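Kindly produce the complete structure, drawing on both the sequences and the hints.
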Amino acid sequence: MHQPDTLQAKRVLKLQSLLGLASVVFALPFGVSVTVSVLVGAGSCLVANALFAALVFRGYRAREPARLVMRIYGAEILKIVLILGLFTIAFVTLDDLNLPVLLGAYLAVQVIPTLIAAQTPERTTK
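Using the working numbering, the first residue of the sequence shown is number 1, and each one after it goes up by one.
It is worth saying that the hints were derived from the structure and are not from the lab.
If you're wondering where the values come from, they're calculated on a predicted model, not measured in any experiment.
Quick reminder that beta carbons are idealized off the backbone N, C-alpha and C, glycines included.
Do not take every clue at face value.
Simulated restraints on C-beta separations [to be verified]: (1) Thr88 x Leu7: 26 to 36 Å; (2) Asp95 x Leu68: 38 to 48 Å; (3) Leu107 x Val32: 20 to 30 Å; (4) Ile77 x Pro29: 37 to 47 Å; (5) Leu55 x Pro29: 32 to 42 Å; (6) Ile77 x Val25: 29 to 39 Å; (7) Val92 x Thr6: 27 to 37 Å; (8) Leu99 x Arg58: 26 to 36 Å; (9) Gly59 x Phe26: 33 to 43 Å; (10) Gln8 x Ala66: 16 to 26 Å; (11) Arg58 x Leu103: 27 to 37 Å.
Okay, structure coming up:
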């Protein structure tokens with residue numbers, strides 16, 4: 001579990017959690033509709049990425065590349081299905097969701113932490 005890829009995935013998930021929380025707090029002054037939309041977008045992204053990471057890095061074996069590729073494809077398909085399902089449930093059950101805000105929050109939580117993690121050097125401990 002201490003492989004660099006696993007540590008990088010955990011780091012991205014932590015950054016996504018922090019950005020999602022900060023986004024929700026930032027949205028509070030803009031009203032309930034905007035705040036709920038940010039919560040749904042950021043939360044859907046975080047839950048889907050956590051599922052993806054758990055499926056891909058559980059029992060991770062870099063020496064079996066064909067199996068790893070199939071695991072990644074399967075996890076990505078499940079991630080997409082989960083996101084579409086969560087968005088559908090949100091739109092069916094919640095009134096006044098703001099689609100641009102929801103998608104913006106999803107995109108921000110998906111992209112920004114990944115870029116930050118890619119730019120910051122990894123800390124090594126002895």
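Taking the hints in turn, this is what the structure says about them:
1. Thr88 x Leu7: 26 to 36 Å: For Thr88 and Leu7 the Cβ distance comes to about 34 Å; the hint holds.
2. Asp95 x Leu68: 38 to 48 Å: About 43 Å separates the Cβ atoms of Asp95 and Leu68, which means 38 to 48 Å holds.
3. Leu107 x Val32: 20 to 30 Å: holds, 22 Å
4. Ile77 x Pro29: 37 to 47 Å: holds, 38 Å
5. Leu55 x Pro29: 32 to 42 Å: For Pro29 against Leu55, whose Cβ atoms are near 37 Å apart, the range 32 to 42 Å holds.
6. Ile77 x Val25: 29 to 39 Å: holds, 33 Å
7. Val92 x Thr6: 27 to 37 Å: holds, 36 Å
8. Leu99 x Arg58: 26 to 36 Å: holds, 34 Å
9. Gly59 x Phe26: 33 to 43 Å: holds, 38 Å
10. Gln8 x Ala66: 16 to 26 Å: Distance hint for Gln8, Ala66 holds at roughly 22 Å.
11. Arg58 x Leu103: 27 to 37 Å: Once the Cβ atoms are compared, 29 Å apart, the range 27 to 37 Å for Leu103 and Arg58 holds.
The structure agrees with every numbered hint stated previously.
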